[in-house]
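Asker: Each chain, written out:
2 protein chains.
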Amino acid sequence: MSAQATEEIANHSGLRIKTLAVIGVGLIGGSFAAACRKAGIVSHVIGAGRRPETLAQAQALGLIDEATTLEEAAVRADLIFIAAPVGAFESIFTALASKLNPDALITDGGSTKQNVVAAAHAGLKSRIGQFVPAHPMAGSHEKGPQAADATLYAGKRVILTPLPENKADDVARIQAVWQACGAIVSTTTPAQHDGMVAAVSHLPHWIAALFMQHIVASQDSALKLQTAGTGFRDFTRVAQGSAEMWSDIFMANRDAMLRELKDLRAVMDRAEDALQHADQAWLREMLEAAAKSRAEWPGNQK
Amino acid sequence: MSAQATEEIANHSGLRIKTLAVIGVGLIGGSFAAACRKAGIVSHVIGAGRRPETLAQAQALGLIDEATTLEEAAVRADLIFIAAPVGAFESIFTALASKLNPDALITDGGSTKQNVVAAAHAGLKSRIGQFVPAHPMAGSHEKGPQAADATLYAGKRVILTPLPENKADDVARIQAVWQACGAIVSTTTPAQHDGMVAAVSHLPHWIAALFMQHIVASQDSALKLQTAGTGFRDFTRVAQGSAEMWSDIFMANRDAMLRELKDLRAVMDRAEDALQHADQAWLREMLEAAAKSRAEWPGNQK
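Residue numbers (my numbering), protein chains in the order written: chain A, 101 to 402; chain B, 101 to 402.
Bound-form chain A, shown alone:
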C-alpha cells in the first residue's frame, strides 16, 4: 500500500487510534508503538507489563506516554497490542476481559497462533471476537525498549489468522494498522500458520542449535570453532536467540515440529544412503536442485 493510500485510510476511514495500549514494551511492542506514531495514526500510547523499570525506560524513550495496569489499559484503549511471552497470554486475556472497552480491538505479536487462539478463548470468553491474531515476521537479536525501531515492520510480512468470531470490518482495520506500520499483510488459518513457521522458522532454529551442540561436544571442538568460517557463521546465526522464547515456541508448536522433523529425517536418510553408496549422480542432482531453489527464492536479495 502506498504512503498516500495509508494516509487516506488514516484520515478517512477511522484508522486513527485514540489510545493505543501496548502490553510488553520491548523490541516488538516498542517498535509497534513507534511505527504507529511514525504513521501518524495514534494520539496517545499507554504501556503495561511485568517490569516497572522497562516501562519507565519505554516512557523515557518516548515509546509510551504513560504506564498503567492491564485493567486500566482494557478500559481506556481502543487498540491493544500484546507483545508478551506467549506463555503469559492467557492471564493477560483474563485480566483484560472483564474491563474491555466494547469497541476495542486486540492484536498480538505471538510466534505461534493455535495456542494463542486457545489462550484467547480461555481468557476472553464471549469477547473472543475482539481479538484478531497476528504474527509479524520481524525481529532482531537485540531486546528491550532501547532496541525498538519505527521501521522494524517496514517491508516485512505480517500473517493474520482471523477467527470465525471476528467481524470483517475489524479484520480490515487490523490489517490497515499493520500496513500503516509498513508491513505486507497476508492471511491464513492458525493451523496453516503454525505449520508454515514450523517449517521455515522453527526447524532452522532447532537444527542450528543442535548443530552447535554437536560441534561443541565433539573432538577437537576448539580447533573446529577456530577453523569455522562465514558458512558456519550464517548457518548458526539463529542459534543465538533467547532460550526462554524458543523453548516456549517449540513446546507451543510441538505437533507441527514433530511432523517437520519426521519429514526432514526421511530426506536426510535418503541422502545419507546415496552418500554411503557413493551415488555421486544422485548427490549432484540433489545439490543442483537445492542451489536452484535457493537462488530463485524471492527473499534472496533481502
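Do not rely on the hints blindly, as some may be mistaken.
In silico DSBU-like links for lysine-lysine, alpha-carbon gap of 30 Å or less [said to hold, decoys possible]: (1) B:225 - B:199; (2) B:362 - A:362; (3) A:256 - A:267; (4) A:243 - B:392; (5) B:362 - B:392; (6) A:392 - B:362; (7) A:199 - A:118; (8) A:392 - A:362; (9) A:118 - A:256; (10) A:256 - A:138; (11) A:138 - A:267; (12) A:267 - A:225; (13) A:243 - A:118; (14) B:392 - B:256; (15) B:118 - B:256; (16) A:225 - A:199; (17) B:256 - A:392; (18) B:392 - A:362; (19) B:243 - A:392; (20) A:118 - A:138; (21) A:256 - B:392.
It is worth saying that the hints were derived from the structure and are not from the lab.
Following the hints, complete the assembly by docking chain B onto the known chain A.
Answerer: Just chain B now, with coordinates in the frame of chain A:
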C-alpha cells in the same frame, strides 16, 4: 605478521618468487596471484588451465602475464599453486612431475586434503616432498577470474597439512607466502583437517541443501517460501554453492561426513525425544548452552 615483517621476509629470506604458476585461474587461483602481486613477492605470473578463454580473461585482467601448458609451467615456475577441481589433481600432478624444476614448490587450494595427498603421491611419486598441501578457508559465491580479489585471503585462515616428506624450510616458505597474502596460517594433519572441515563446513552445506529440498517438496511450499524471513535466508545461504564442487567434496570426504552425520543424528534423536516427551527443562538448557556457545564463538563479529 606485520607488513614490515612480511617485507623483510620478501627481501631477506628468499620469499621472492621469480615465476609463479597458477593452475586454474578462477576465483581462488586468480586471487592468489593478485595477493602475491600486491605483497610484492612475485616477478612474473604464468597461468595454465582447461579453458583458453578463462586464461585470456585472466591475462586481460592482469592476473597472469602469460598462458602456458602444464609442462611449461613445471619447467619454469619456482612456485606452483593448484586451484583446479580436486578431481583433476592427479592428472595435473602427473603432468607436472616429469618436468618439475627441482627447486620448485607446489601448494594448493583444495577443500579436502587426504584425497589430494593421495593424488599427489600417485602423480608426483618421488617428487612428493615438493608439495606442501594447503586449504585456504576463503571463498565467495562468485566465480571466475573476474571475481578474483587481492584481499580474498586477508585475515582468513589457511590450514597447512605438511607431509613427512616435506623439508621444514619448504613448509616455512609456503607458510610465509600465505602470510604475505594476508592469511592466518595454522598446521594440522590431512586426516584431522578433513574431520574438522567435515564438521564445520561440509555438514552445514549438506543440511542446508537437504533442508531446502525438504521445504520445496512439502505441502504449501510456495506459501512457506513467501513467509520465510532472515533466519531462513542465513540458514540456507550456503546451499547456493556449486553442485559440481560440493558433490566432489562430499565424495572426497565421505568417511568423515558419514561419521559427522551419525554423531549429529544422535544429538537430534535425543532432542526429538525431549520434545516428544514435552521435557521443556531439557530443551531450555540445551538452547541456552547452544546460544552461549554461538555468542562466544570468536568468529561472531566477522
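Asker: Run every hint past the structure and note whether it holds.
Answerer: Tested hints:
Distance check on the hinted pair: residue 225 of chain B and residue 199 of chain B sit about 13 Å apart at the alpha-carbon level, within 30 Å; holds. For the suggested pair residue 362 of chain B and residue 362 of chain A, the alpha carbons sit about 17 Å apart, so the restraint of at most 30 Å is met. Straight-line distance between C-alpha atoms of residue 256 of chain A and residue 267 of chain A comes to about 25 Å, which keeps the hinted pair within the 30 Å bound. A distance of roughly 16 Å separates the Cα atoms of residue 243 of chain A and residue 392 of chain B; the hinted pair therefore holds under the 30 Å criterion.
Between residue 362 of chain B and residue 392 of chain B, the direct Cα distance comes to roughly 24 Å. Compliance with the 30 Å bound is thereby established for this hinted pair. Of the supplied pair hints, the one linking residue 392 of chain A and residue 362 of chain B holds, its CA atoms being roughly 28 Å apart against a limit of 30 Å. Only pairs whose Cα atoms come within 30 Å are accepted, and residue 199 of chain A paired with residue 118 of chain A is accepted, the gap being roughly 18 Å. Taking the CA atoms of residue 392 of chain A and residue 362 of chain A, the gap is near 24 Å; set against the 30 Å cutoff, the hint holds.
Among the hinted pairs, residue 118 of chain A with residue 256 of chain A is consistent with the structure: their alpha-carbon atoms are about 25 Å apart, no more than 30 Å. Of the supplied pair hints, the one linking residue 256 of chain A and residue 138 of chain A holds, its CA atoms being roughly 16 Å apart against a limit of 30 Å. Simply put, residue 138 of chain A and residue 267 of chain A have alpha-carbon atoms about 27 Å apart, close enough for the 30 Å limit, and the pair holds. Among the hinted pairs, residue 267 of chain A with residue 225 of chain A is consistent with the structure: their alpha-carbon atoms are about 16 Å apart, no more than 30 Å.
As the CA atoms of residue 243 of chain A and residue 118 of chain A are separated by approximately 27 Å, the hinted pair is consistent with the 30 Å bound. Between residue 392 of chain B and residue 256 of chain B, the direct Cα distance comes to roughly 24 Å. Compliance with the 30 Å bound is thereby established for this hinted pair. Distance check on the hinted pair: residue 118 of chain B and residue 256 of chain B sit about 25 Å apart at the alpha-carbon level, within 30 Å; holds. Of the supplied pair hints, the one linking residue 225 of chain A and residue 199 of chain A holds, its CA atoms being roughly 13 Å apart against a limit of 30 Å.
At roughly 28 Å between alpha-carbon atoms, residue 256 of chain B and residue 392 of chain A fall within 30 Å of each other, so this suggested pair holds. For a cut-off of 30 Å, the pair hint linking residue 392 of chain B to residue 362 of chain A stands: about 28 Å separates their Cα positions. Restraint check for residue 243 of chain B and residue 392 of chain A: the C-alpha separation of about 16 Å stays at or below 30 Å, so the hint holds. For the given pair, residue 118 of chain A sits about 15 Å from residue 138 of chain A by alpha-carbon distance, which is consistent with the 30 Å threshold.
About 28 Å separates the Cα atoms of residue 256 of chain A and residue 392 of chain B, which keeps this hinted pair within 30 Å; it holds.
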